[in-house]
Amino acid sequence: MTSRIAWAALALIGVGVALSQSGSRADDREQEESLRVLVHLNFADTGRQGQGMKNISRILEADPGAQVVVVCHSGGINVVESSRTDHADAITSLIDRGVRFVACENTMRRNGITRDDLVPGVGTVPSGAVEVVRRQQYDGFAYFRP
Amino acid sequence: MTSRIAWAALALIGVGVALSQSGSRADDREQEESLRVLVHLNFADTGRQGQGMKNISRILEADPGAQVVVVCHSGGINVVESSRTDHADAITSLIDRGVRFVACENTMRRNGITRDDLVPGVGTVPSGAVEVVRRQQYDGFAYFRP
Amino acid sequence: MTSRIAWAALALIGVGVALSQSGSRADDREQEESLRVLVHLNFADTGRQGQGMKNISRILEADPGAQVVVVCHSGGINVVESSRTDHADAITSLIDRGVRFVACENTMRRNGITRDDLVPGVGTVPSGAVEVVRRQQYDGFAYFRP
Chain A
1 MTSRIAWAAL ALIGVGVALS QSGSRADDRE QEESLRVLVH LNFADTGRQG
51 QGMKNISRIL EADPGAQVVV VCHSGGINVV ESSRTDHADA ITSLIDRGVR
101 FVACENTMRR NGITRDDLVP GVGTVPSGAV EVVRRQQYDG FAYFRP
Chain B
147 MTSRIAWAAL ALIGVGVALS QSGSRADDRE QEESLRVLVH LNFADTGRQG
197 QGMKNISRIL EADPGAQVVV VCHSGGINVV ESSRTDHADA ITSLIDRGVR
247 FVACENTMRR NGITRDDLVP GVGTVPSGAV EVVRRQQYDG FAYFRP
Chain C
293 MTSRIAWAAL ALIGVGVALS QSGSRADDRE QEESLRVLVH LNFADTGRQG
343 QGMKNISRIL EADPGAQVVV VCHSGGINVV ESSRTDHADA ITSLIDRGVR
393 FVACENTMRR NGITRDDLVP GVGTVPSGAV EVVRRQQYDG FAYFRP
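Residue numbers (this note's numbering), protein chains in the order written: chain A, 1 to 146; chain B, 147 to 292; chain C, 293 to 438.
It should be emphasised that the hints constitute simulated quantities derived from the structure, not laboratory data. Wrong hints could be hidden among the right ones.
[Stated by the list, open to error] Facing chain A, according to a computed beta carbon distance under 8 Å, are these residues of chain C, among others:
(1) 326
(2) 339
(3) 343
(4) 357
(5) 370
(6) 428
(7) 435
C-beta: ideal position from N, C-alpha, C; glycine also.
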């Protein structure tokens, strides 16, 4: 009887150890995990957009494996239009370093912008607003507004 | 003896299965869960406020069950004042679709605004700033600034 | 045999209880835990910066134990420069109440600002942009842009 209690206790201890180890692993992962950041570009001010590009460069310097998604919509759609942007070179360079730029298809439609009008390498999403929410809520991205 | 080890092992396996299943359920829930978004309206620019209303409509189109809370405070309090807002119809329509608009009681007091001055259906919170933090920290809402 | 099944079942029940209790503790902690907020000051408008100071005061009134980190970088660096800020007294008072103000070393270098130029008590971080992301992603801080 006592030996059975001992075995049951051992089982519980084993589970406890397993749980605490999985906890440690989670902590380690958190310390080591790449930065994940949603950059919200929904404003037309090109100076401020340029500041955003610099902010992203700094994040990549600190963590070359950072996951950066730049959502361009509403008033900020101009930043990814080839004919209007002041930041084509910076965008191309950041895309080369793994940053993902996406334009909002709603905003594009409303403004008669086609995929051919975008800086090469820029993707699209059905809704920029939804993407801003989804990346935070589902993928654990931090929010950053330049 | 060996059969006792077997039983203890079985107990551990059972727990392992239970844990991994609960993990799967969490993943499923995350995939299916409604969008939750805190819209931060703390600026007076009515054009930009109108852009925010459009953003919210897009989120509701993507997910009619989305939980949207719009916190209006500081310079953005005008958006929910009946006599000053440019967006009464949009607000009423969004409230009908389940969006929650709340005005900051601190800001109201400072500006001599009463509940009767608010667009019908708009609620209040003691502090808009605190609500912005609480919704993110306690309820897992994404942050969105139009 | 049946008693062994009973013991194994008991082990599972014990683990279940332990798990559900740790769940309850997490819930309780969440209800009681201090507010944690990252205030993003990356704009030069001193009126709006002052609004941010008031927002922080309101958060501390609601929760005197709130953890508040104010990241000052890019165009917002002026708020913590002794010679340029309009808010030295407010900053000193908030620091006394436990708020942490940090200036971005990248921005400081670019603008020839040294630690001696900062309002006393203001700290620094290597990169303001990275700090904004890390506090949200690693420490569970809410985002707040005045």
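Each hint, compared with the structure:
Annotation: residue 326 of chain C was flagged as interfacial toward chain A, and the flag is violated, the nearest CB pair being 20 Å apart, outside 8 Å. Interface hint at residue 339 of chain C: violated, since its Cβ lies 17 Å from the closest Cβ of chain A, which is beyond the 8 Å cut-off. At its closest, the beta carbon of residue 343 of chain C sits 16 Å from a beta carbon of chain A; the interface hint therefore is violated under the 8 Å criterion. Checking residue 357 of chain C against chain A: minimum C-beta separation of about 23 Å lies over 8 Å; hint violated.
Hint on residue 370 of chain C is violated. Least Cβ distance to chain A is approximately 14 Å, over the 8 Å limit. A least Cβ separation of about 4 Å between residue 428 of chain C and chain A falls short of the 8 Å threshold, and the interface hint therefore holds. Among the interface hints, the one on residue 435 of chain C holds; its C-beta lies about 5 Å from the nearest C-beta in chain A, closer than the 8 Å criterion.
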